[in-house]
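For reference, the chains in residue letters:
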Amino acid sequence: MTEQKPLIKEFTKGIIKENPVLCLVLGTCPTLAVTTGVSSALGMGIAATAVLVCSNSVISLLRKLIPQKVRIPAYITVIASFVTIVQMIIKAYAPALNDALGVYLPLIVVNCIILGRAEMFASKHGAAASALDGLGMGIGFTAALFIMGSIREILGAGSWLGLKIPFLCENPILIFILPPGGFFVFGMLMALANKLNSKNTAAKTNTACSACPMNDKCSRQTGKECRN
Amino acid sequence: MPKLSFKEIAIPTIALTLICGISSALLACTNEITHLRIAAAEEETKQNSMRCVTPENTVTFEKAEITDNTAECYKALDKDGNIIAYAISASVKGYGGTIKVMTGIDNDGNLIAVNVYDNSSETPGLGAKTSESEFTDGFKTQYPKNGFAVSKDAEKYPSAVTVDAVTGATISSRAAVSAVNIALDIFDEVSGGIKK
Amino acid sequence: MSITQLVGIFLAAILTENYVLCKFFGICPFLGVSKKLDTALGMSGAVTFVMVLSTAATWPVYTYILVPNQLEYLQTLVFILIIAGLVQLVEIILKKYMPSLYNALGIYLPLITTNCAVLGVTMLVLDKGAENPEFGYIASLVNAFGAGIGFLVAMVMFAGVRERLEAADIPESLKGLPITLVSASLVACSFLGFNGIVDRLLS
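Chains as they are written, first to last, in the numbering used here: chain S, 3 to 230; chain B, 1049 to 1244; chain W, 26 to 228.
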């Protein structure tokens, strides 16, 4: 039992306390880009979760074999392979989702959540813990995308998962599914997360950079430029 | 800069090469498994769209030779092998990228249906609405001698049949309209043109 | 491709297809480094440089090596490795031969490998090429350069907006990133106004 408790924690922390999108502010690009509808948001979340779990486990298994010097290129190679595999599977079995996600699907490679977890967690922990960490982070990412997608689709298109909502579908607030709406909803959600966090006196919202895999290089060279 | 020993260079190089090699092999395997399915899925989307715009008694399709290499034309054949309609696919640059439109025209030049089967690059809720029947039903009419135009451009093309553009998505709607106009030209080419 | 078309591609990449504000590429540096004008300039300079260079390298690799051998599925893997290698190489060369340029851009280079705008532009120009055979190597390079300049325009504009925010009285829970995102939303609004302008200008 004592062995299992921390494992479950690895899983749950990603969903709320260290939610990658709302608290760590990672992976902002897909969060903004694919949340114009619930279905594409969920698709993106699931695809990224699959990549995250696979790459975290593999990197954790290989962590002793990968030389320190080339670890970033090695991680990127592993991640890129899994992204391509997921992309091929989606193309074959869910072509509509592939069309909806477009170029953002291969861009999962450069999603900071995945490289960030590889560098910060998988390279230091065992395979089981890393897989659970990946799953938790992935679910947290999916949940955040789902909420964003729901708000934007309901207000912007007057539908939810393609189901039309009476009244709203005749009077959609188009701006919500356009780029500005993405920034706005994200800002508001983050403000909400801030508010809740400050009430619970939980960990203060981290900044984008503290969780960024390149943070050490960046802050070392730019001084304190990188603080939001 | 301190000189690197052979070991310090060789081990990372070998490790990285190995990882790349294994990854590529893995990808090649997955590709082997999925590529047929991917091709089939792409073909299916087009086939479904062709079925949408041709009469129900169509049995098979046969590709027709046309001069325009950005478009494709298929003859819809009934069970006796007679041509009953044409399904013409045209790609036009829309707002976010290319939109692909399938137009079905019967032998008499009546537009059976228009199906926008790929507009994934258009803005959801705006340009993407061009695939909805509210917009595409506007094309169901007899052969328009002078093509179609969106109602906004009616002054520019007074003799064209007008179609109402999707609100807020004039660029995407114009693209769809011009794809249908391309289809009309191709229809003239393959069928020898109906009497105007 | 005529000059007019190339100018059209360039302007479209800056205004209507702005990578940050319309396509959401490279949001992390956009939010992270846009606080001051000089860092914003340095970062966008480096991004533009790497974008053009990566496109210059990946386009021939894809067209002449991957496609003939039916290896398109290796695109993601090969591209990201080329970009990573290229960034590293540029860093070494600049450090050695152009220290002044290195001092201006060098510190941002390591951050760019994982910038999705760079990978995004190399892939999107190939998509455009697949749709329109006329969209060749030169057009791709122009597009990449335009995308970089578009990034610069967005960064510089936004740096100005953020300097104003410093003095503003902001509600407690909106402080920091949330208000930054809301302002980004307003800046993005202004870019919506460019819809159709480029096509009309040149047609």
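Since the hints were derived computationally from the structure, they do not count as laboratory data.
Only a predicted model underlies this, so the values are computations on that prediction, with no experimental measurement involved.
Among the hints, a few may not be true.
[Unchecked claim] Below are the DSSO-like pairs computed for lysine-lysine, each with C-alpha atoms no more than 27 Å apart in a straight line: (1) K1094(B) with K1141(B); (2) K60(W) with K1055(B); (3) K121(W) with K1141(B); (4) K11(S) with K166(S); (5) K121(W) with K197(S); (6) K71(S) with K60(W); (7) K1111(B) with K1141(B); (8) K153(W) with K1055(B); (9) K1188(B) with K166(S); (10) K197(S) with K15(S); (11) K1111(B) with K1188(B); (12) K1141(B) with K1204(B); (13) K126(S) with K1055(B); (14) K1127(B) with K1141(B).
[As the list claims (entries may be wrong)] Short, incomplete list of chain B residues facing chain W, as computed with Cβ under 8 Å: (15) L1075; (16) S1139; (17) S1226.
Here a beta-carbon is modelled for each residue, glycine too, at the ideal position from N, C-alpha and C.
Here is what the structure says about each hint:
| no. | hint | result |
| --- | --- | --- |
| 1 | K1094(B) with K1141(B) | 18 Å, holds |
| 2 | K60(W) with K1055(B) | 44 Å, violated |
| 3 | K121(W) with K1141(B) | 45 Å, violated |
| 4 | K11(S) with K166(S) | 39 Å, violated |
| 5 | K121(W) with K197(S) | 49 Å, violated |
| 6 | K71(S) with K60(W) | 32 Å, violated |
| 7 | K1111(B) with K1141(B) | 24 Å, holds |
| 8 | K153(W) with K1055(B) | 45 Å, violated |
| 9 | K1188(B) with K166(S) | 26 Å, holds |
| 10 | K197(S) with K15(S) | 19 Å, holds |
| 11 | K1111(B) with K1188(B) | 24 Å, holds |
| 12 | K1141(B) with K1204(B) | 20 Å, holds |
| 13 | K126(S) with K1055(B) | 24 Å, holds |
| 14 | K1127(B) with K1141(B) | 36 Å, violated |
| 15 | L1075 | 6 Å, holds |
| 16 | S1139 | 7 Å, holds |
| 17 | S1226 | 13 Å, violated |
Checked against the numbered hints given earlier, this structure breaks hints 2, 3, 4, 5, 6, 8, 14, 17; the rest are met.
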